[in-house]
Amino acid sequence: LAKTTQPISMDSYEGQEVNITCSHNNIATNDYITWYQQFPSQGPRFIIQGYKTKVTNEVASLFIPADRKSSTLSLPRVSLSDTAVYYCLVDANFGNEKLTFGTGTRLTIIP
Amino acid sequence: NAGVTQTPKFQVLKTGQSMTLQCAQDMNHNSMYWYRQDPGMGLRLIYYSASEGTTDKGEVPNGYNVSRLNKREFSLRLESAAPSQTSVYFCASSDLGQTYEQYFGPGTRLTVT
Numbered sequence: 049l050a051k052t053t054q055p056i057s058m059d060s061y062e063g064q065e066v067n068i069t070c071s072h073n074n075i076a077t078n079d080y081i082t083w084y085q086q087f088p089s090q091g092p093r094f095i096i097q098g099y100k101t102k103v104t105n106e107v108a109s110l111f112i113p114a115d116r117k118s119s120t121l122s123l124p125r126v127s128l129s130d131t132a133v134y135y136c137l138v139d140a141n142f143g144n145e146k147l148t149f150g151t152g153t154r155l156t157i158i159p
Numbered sequence: 189n190a191g192v193t194q195t196p197k198f199q200v201l202k203t204g205q206s207m208t209l210q211c212a213q214d215m216n217h218n219s220m221y222w223y224r225q226d227p228g229m230g231l232r233l234i235y236y237s238a239s240e241g242t243t244d245k246g247e248v249p250n251g252y253n254v255s256r257l258n259k260r261e262f263s264l265r266l267e268s269a270a271p272s273q274t275s276v277y278f279c280a281s282s283d284l285g286q287t288y289e290q291y292f293g294p295g296t297r298l299t300v301t
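In the order they appear, the protein sequences are chains A and B.
Heads up, the first sequence is in my numbering, so the first residue is 49 and it goes up one at a time.
Heads up, the second sequence is in my numbering, so the first residue is 189 and it goes up one at a time.
Keep in mind that the hints were calculated from the coordinates and are not lab data.
In this text, a Cβ means the ideal position worked out from N, Cα and C, and glycines have one as well.
Possibly wrong hints are sitting among the right ones.
[As the list claims (entries may be wrong)] Here are the computed lysine-lysine pairs in the DSBU-like style, where the Cα-Cα straight-line distance is at most 35 Å: (1) A/Lys117 <-> B/Lys202; (2) B/Lys245 <-> A/Lys100; (3) B/Lys259 <-> A/Lys51.
[Unchecked claim] From the derived model, a few chain B residues whose C-beta atoms are all more than 12 Å from chain A: (4) Gln194; (5) Thr195; (6) Gln199; (7) Leu201; (8) Leu266; (9) Ser268; (10) Gln273; (11) Val300.
Modelling step: build the complete structure from the supplied sequences, incorporating the hints.
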C-alpha cells in the first residue's frame, strides 16, 4: 500500500500560485510530512517539512488539515525555474532512517 | 563547503564487472545513504549508515555492498554488475536525528551492458 498519492503531472503558467496536494490516508502519529524538489540530472533538495497546520519558509508553504490525511504544497508566483519533480514523503522524523520516495509530481511551468 | 560529492559522474560497465562508487561529505554529518533512481521513478534506498562503523540494508540491497570508511566517506560496491543495475545512484547525508533533511550529491549515472 503506497504511503502517499500525488498527481503524476501538473502544468502551470508563470506568475501563478501552484498547489500540489498529497494524500496520505494511513499517516501515523509519529509521521512528519516532508517535500523535496528534484531538477533534471540533480539529486533531490529538501523544501519544507511540517506536522500539522501551516508551515511557511522562504520557498513554499505547507498546509496540513487537522486530520493530517492530506497536505498541500503551495508555491507562490512560480517561474520557469520551478519546473521540477516534487516528492511528498511521510515518515517518522527522528529515529527512522528510511525516507520513502514515491514517483512524485512532475510540475511544468509554461511561459 | 562542497557538500556531498560523488565520483565518478558517469560509468559504463560490462556485465560481470565490478566497481566502487565513492561518496564524501564535508558537513560533519553522522548519517549517510545510498539510493538508486530508475528512469521515471522515485528514489529507492539501497543501504544507509546511521553513524561511523554501522551500516544497514535499505529497500533494495541485493547485489551491493557498502563501506563506511570514516565519518566523511561512504562507498557503494557492485561486485558483479548486471543490466538491472543500470540506474542513477545518489549519495546523501544528514545530521543525527534530522533524517528528514537529507543533502544529496549530484549522482552517478551507471550503465551496465
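Hints versus structure:
Distance restraint check for A/Lys117 and B/Lys202: the Cα-Cα separation of roughly 46 Å exceeds the 35 Å cut-off, and the hinted pair is therefore not satisfied. Under the criterion of a C-alpha separation no larger than 35 Å, the hint pairing B/Lys245 with A/Lys100 is consistent with the structure, at around 31 Å. Between B/Lys259 and A/Lys51 the CA atoms are separated by roughly 32 Å; this keeps the pair inside 35 Å, and the hint holds. Distance to chain A contradicts B/Gln194 as a non-interface residue, since its nearest Cβ pair spans about 9 Å, not more than 12 Å.
Residue-level check passed: B/Thr195 sits 14 Å from the nearest beta carbon of chain A, beyond 12 Å. Every CB of chain A is more than 12 Å from the CB of B/Gln199 (nearest about 15 Å), matching its label as outside the interface. Every CB of chain A is more than 12 Å from the CB of B/Leu201 (nearest about 20 Å), matching its label as outside the interface. Taking the minimum C-beta to C-beta distance to chain A, about 19 Å, the non-interface status of B/Leu266 holds against the 12 Å cut.
Interface exclusion of B/Ser268 from chain A stands, the closest Cβ pair being 26 Å apart, more than 12 Å. The beta carbon of B/Gln273 sits about 18 Å from the closest Cβ of chain A, which is more than 12 Å, so the claim that it is off the interface holds. Distance check on B/Val300: its Cβ is at least 19 Å (rounded) from any Cβ of chain A, clearing the 12 Å threshold; non-interface status holds.
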